[in-house]
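These protein sequences, in sequence, are chains A and B. Residues in the first sequence are numbered from 1 upward in steps of one, following this note's numbering. Residues in the second sequence are numbered from 1001 upward in steps of one, following this note's numbering.
Since the hints were derived computationally from the structure, they do not count as laboratory data. Misleading hints may appear alongside valid ones.
As the list claims (entries may be wrong) - Straight-line distance between alpha carbons at most 25 Å, and here's what the computed SDA-like set of lysine to any residue pairs gives: (1) B:Lys1242 - A:Pro192; (2) A:Lys242 - A:Pro192; (3) B:Lys1242 - A:Ala270; (4) A:Lys194 - B:Arg1271; (5) B:Lys1242 - B:Arg1130; (6) B:Lys1194 - B:Asp1155; (7) A:Lys194 - B:Arg1130; (8) A:Lys194 - B:Gly1193; (9) A:Lys242 - B:Arg1130; (10) A:Lys194 - B:Glu1245; (11) B:Lys1242 - A:Gly142; (12) A:Lys194 - B:Ser1157; (13) A:Lys242 - B:Pro1158; (14) A:Lys242 - B:Pro1049; (15) A:Lys242 - B:Pro1192; (16) A:Lys242 - B:Ala1258; (17) A:Lys242 - A:Ala86; (18) B:Lys1194 - A:Ser209; (19) B:Lys1242 - B:Ser1296; (20) B:Lys1194 - B:Arg1212; (21) B:Lys1242 - A:Ser190; (22) A:Lys194 - B:Arg1197; (23) B:Lys1242 - B:Gly1143; (24) A:Lys194 - A:Ser209; (25) A:Lys242 - B:Gly1193.
Claimed, not checked - So these bits of chain A aren't anywhere near chain B, every CB distance computed over 12 Å: (26) Arg56; (27) His70; (28) Gly98; (29) Gly100; (30) Arg103; (31) Arg124; (32) Ala159; (33) Ala207; (34) His214.
Each residue gets a CB set at the ideal place from its N, CA and C atoms; glycine is no exception.
This is what each chain is made of:
There are 2 protein chains.
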Amino acid sequence: MSAEPTVPPVPPVVLDAMGGDHGPAETVAGAVAARRAYQVPVTLVGDEPRVLDELRRHGAVGEIPVVHAHDAVPMAERGAAAATLATSSLAVGCELVGRGAGRAFVSAGSTGAVVSCAVRGIGRRSGVLRPALAVALPSLAGGASVLVDAGATADPSPAMVAQFALLGVGYARAVLGRTDPAVGLLSIGSEPGKGNRLTREAAVLLAASPVRFHGAIEGHDVLAGIVDVIVTDGFTGNVVLKNVEGCVRTALAMVARAGIASPERLAEVARRYDPETHGGAALLGLRGTVVVAHGSSRAATIARACVVAGALAGHDPRAGTGTITAEPVS
Amino acid sequence: MSAEPTVPPVPPVVLDAMGGDHGPAETVAGAVAARRAYQVPVTLVGDEPRVLDELRRHGAVGEIPVVHAHDAVPMAERGAAAATLATSSLAVGCELVGRGAGRAFVSAGSTGAVVSCAVRGIGRRSGVLRPALAVALPSLAGGASVLVDAGATADPSPAMVAQFALLGVGYARAVLGRTDPAVGLLSIGSEPGKGNRLTREAAVLLAASPVRFHGAIEGHDVLAGIVDVIVTDGFTGNVVLKNVEGCVRTALAMVARAGIASPERLAEVARRYDPETHGGAALLGLRGTVVVAHGSSRAATIARACVVAGALAGHDPRAGTGTITAEPVS
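From just these sequences and the hints, can you work out the full model?
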């Protein structure tokens, strides 16, 4: 019998080994990096023989536990039937988190399938009306703002939008390290009466809510870093997130085409400001933490998503203070 | 008595001399350029003594007619009371077009005030449910797509969105010179069932409408030039338009900050792809043509807006073929 006090082990981050365009090779490499470089304990879920093969390449068999799941959810199959999903790495992983065997779930699978499995397997936190996706967007000044909802709930009510702001404030504290995050409502003009029905009603609720409400911001403010939390409905948020990616890519291609900067140096700039390197999208409002990494994620991005998931899981989203920033990994 | 047949004069484009951050100096210079460089007849509306002063600097007194209007609408006063607006250059100009004394109205004033004056003074075309703003966005390939609605109607019905597509097709023919424009519906995924309530219902109407419907496009496709017309509600459209401007500006600033291209060469690239240089926003669906130029417009952009207004006014928006392209003026 040992005289040492027993420290209960930290539950691991559960990682979907099969998700994404490059699973399981890059997901397993990401799990190894998360454990070795960032000391985040990870459990892999997926097709056991294939996952073990990949672990063997890193000399990590036994170091990282594997839970078998029969099926992978194909990236294209976003509206996959519940029957197909039930035996998938997504469903098995979410179920592990739902019963407390993991503290967070990370997948590079399709956002729609992850949201659907997570709501079913983990469940909403008491009082939360709808989950919301949070994505950290880089700002020119070098920091980041969190965009929420980036695509989980396409038609929210004003009360849901006001709640997304609270969830976003929790993210800004836990992941971005902000102590008193300012919230901006994405709209089309800051004068009273501007906006659509949803933003006009949400603005009234936000002004009366406990968040530090900056008021309306517009499309050109999204990368300006003037607020910590950009709150919007999941339709507008998803359009804007993808528009940011497309416009930055296009603008850099314009510079390349003009022949005034080398493609290699431009690729470096693109990487530095890529939202992907900022930890993936976090699904907020559930009884466990869920992070959705981009489908094209490589090992470094997967590792980063595991770190963000661990940070979010380690905090009460309404009270925590941050320990990491959203600086890119590369 | 002359033996020559009498050709009725082409009604002029009516230009708000007082609108924008740089009126009347830059607006009057723009009117002179539109007339002299592009052979577009223009009538100026505004504070007569000040407008005549500016015309004198160009030796254009007598060459360009002036209609006096007592008030200018301040840029900030978007929700200006009807009483203030009635004697404004906006109201007087729209009234001229409404009674056929001008074929189009151009202003760099606030979009909200222009839309409100134009609907009152010019009126909707028969059968049109709501007006929509159309803005030509540059694409990397060198062409342009038209985004409609870019901010006139924040909460449209699905039927209105389907009608915006028809209006956008007219614009793509008249201004972009496309013979059979393809229409994409801005949404958050192209699979059936994706999107919000509005886009799901609008997609059904668009599939049954006489436009060439490409289906859904996403935020990263906005500058990709894969369709000629990008149709959306006025809230999402305005957020996206401003997001494009902000992201392109931010991406170029990232390159400048990285020190890998000279600021002068980057400014050239920015100018070449600036939506502003593509002719301003056209308010579609009225009984006369209205073009809203950006508030910061200088003479060249004002002249370009007059050319676009003339082109739109010279065509039946449902049948016309284009004579000009959306190439930048500078």
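Hint-by-hint comparison with the structure:
Between B:Lys1242 and A:Pro192 the alpha-carbon distance is near 19 Å, which keeps this suggested pair within the 25 Å criterion. Note on A:Lys242 and A:Pro192: the hinted pairing is violated, with a Cα-Cα distance of about 28 Å set against a maximum of 25 Å. A hinted pair counts as satisfied when its Cα atoms are at most 25 Å apart, and B:Lys1242 with A:Ala270 qualifies at roughly 21 Å. About 29 Å separates the Cα atoms of A:Lys194 and B:Arg1271, which puts this hinted pair outside 25 Å; it is violated.
Our distance criterion of 25 Å between C-alpha atoms is met by B:Lys1242 and B:Arg1130, whose separation comes to about 22 Å. For the proposed pair B:Lys1194 and B:Asp1155, the alpha carbon gap of about 19 Å is at most 25 Å, so the pair holds. Note on A:Lys194 and B:Arg1130: the hinted pairing holds, with a Cα-Cα distance of about 17 Å set against a maximum of 25 Å. Of the supplied pair hints, the one linking A:Lys194 and B:Gly1193 is violated, its CA atoms being roughly 30 Å apart against a limit of 25 Å.
Between A:Lys242 and B:Arg1130, the direct Cα distance comes to roughly 28 Å. Violation of the 25 Å bound is thereby established for this hinted pair. Taking the CA atoms of A:Lys194 and B:Glu1245, the gap is about 20 Å. The hint holds against a cut of 25 Å. Distance restraint check for B:Lys1242 and A:Gly142: the Cα-Cα separation of roughly 21 Å lies within the 25 Å cut-off, and the hinted pair is therefore satisfied. The straight-line distance between the Cα atoms of A:Lys194 and B:Ser1157 is roughly 18 Å, inside the 25 Å bound, and the hint therefore holds.
The straight-line distance between the Cα atoms of A:Lys242 and B:Pro1158 is roughly 23 Å, inside the 25 Å bound, and the hint therefore holds. For the hint pairing A:Lys242 with B:Pro1049, the CA-to-CA distance comes to about 50 Å; that exceeds 25 Å, so the pair is violated. Distance check on the hinted pair: A:Lys242 and B:Pro1192 sit about 19 Å apart at the alpha-carbon level, within 25 Å; holds. Under the criterion of a C-alpha separation no larger than 25 Å, the hint pairing A:Lys242 with B:Ala1258 is consistent with the structure, at around 24 Å.
For a cut-off of 25 Å, the pair hint linking A:Lys242 to A:Ala86 is broken: about 30 Å separates their Cα positions. For a cut-off of 25 Å, the pair hint linking B:Lys1194 to A:Ser209 is broken: about 31 Å separates their Cα positions. Taking the CA atoms of B:Lys1242 and B:Ser1296, the gap is near 14 Å; set against the 25 Å cutoff, the hint holds. For a cut-off of 25 Å, the pair hint linking B:Lys1194 to B:Arg1212 stands: about 20 Å separates their Cα positions.
Between B:Lys1242 and A:Ser190 the alpha-carbon distance is near 14 Å, which keeps this suggested pair within the 25 Å criterion. Between the alpha carbons of A:Lys194 and B:Arg1197 the distance comes to roughly 22 Å, so the proposed pair stays at or under 25 Å and holds. Under the criterion of a C-alpha separation no larger than 25 Å, the hint pairing B:Lys1242 with B:Gly1143 is consistent with the structure, at around 20 Å. The suggested pairing of A:Lys194 with A:Ser209 holds, with an alpha-carbon distance near 20 Å, which does not exceed 25 Å.
Between the alpha carbons of A:Lys242 and B:Gly1193 the distance comes to roughly 19 Å, so the proposed pair stays at or under 25 Å and holds. Remark: the non-interface label on A:Arg56 is consistent with the geometry, its nearest Cβ contact in chain B lying 37 Å away (cut-off 12 Å). The claim that A:His70 lies off the interface holds: its Cβ sits roughly 25 Å from the closest Cβ of chain B, which is beyond the 12 Å cut-off. Residue-level check passed: A:Gly98 sits 26 Å from the nearest beta carbon of chain B, beyond 12 Å.
With a least CB separation of 33 Å from chain B, A:Gly100 remains clear of the 12 Å interface cut-off, as annotated. In this structure A:Arg103 is separated from chain B by more than 12 Å, as the shortest Cβ-Cβ distance comes to about 30 Å. A:Arg124, annotated as away from the interface, keeps every beta carbon of chain B farther than 12 Å; the closest lies near 21 Å. In this structure A:Ala159 is separated from chain B by more than 12 Å, as the shortest Cβ-Cβ distance comes to about 17 Å.
With a closest Cβ-Cβ approach of about 19 Å to chain B, A:Ala207 is found to remain outside the 12 Å limit, as its non-interface label requires. Consistency note on A:His214: stated as away from chain B, and its beta-carbon is indeed over 12 Å from all of that chain's, at 17 Å minimum.
Hints 2, 4, 8, 9, 14, 17 and 18, counting from the list given before, are not met by this structure.
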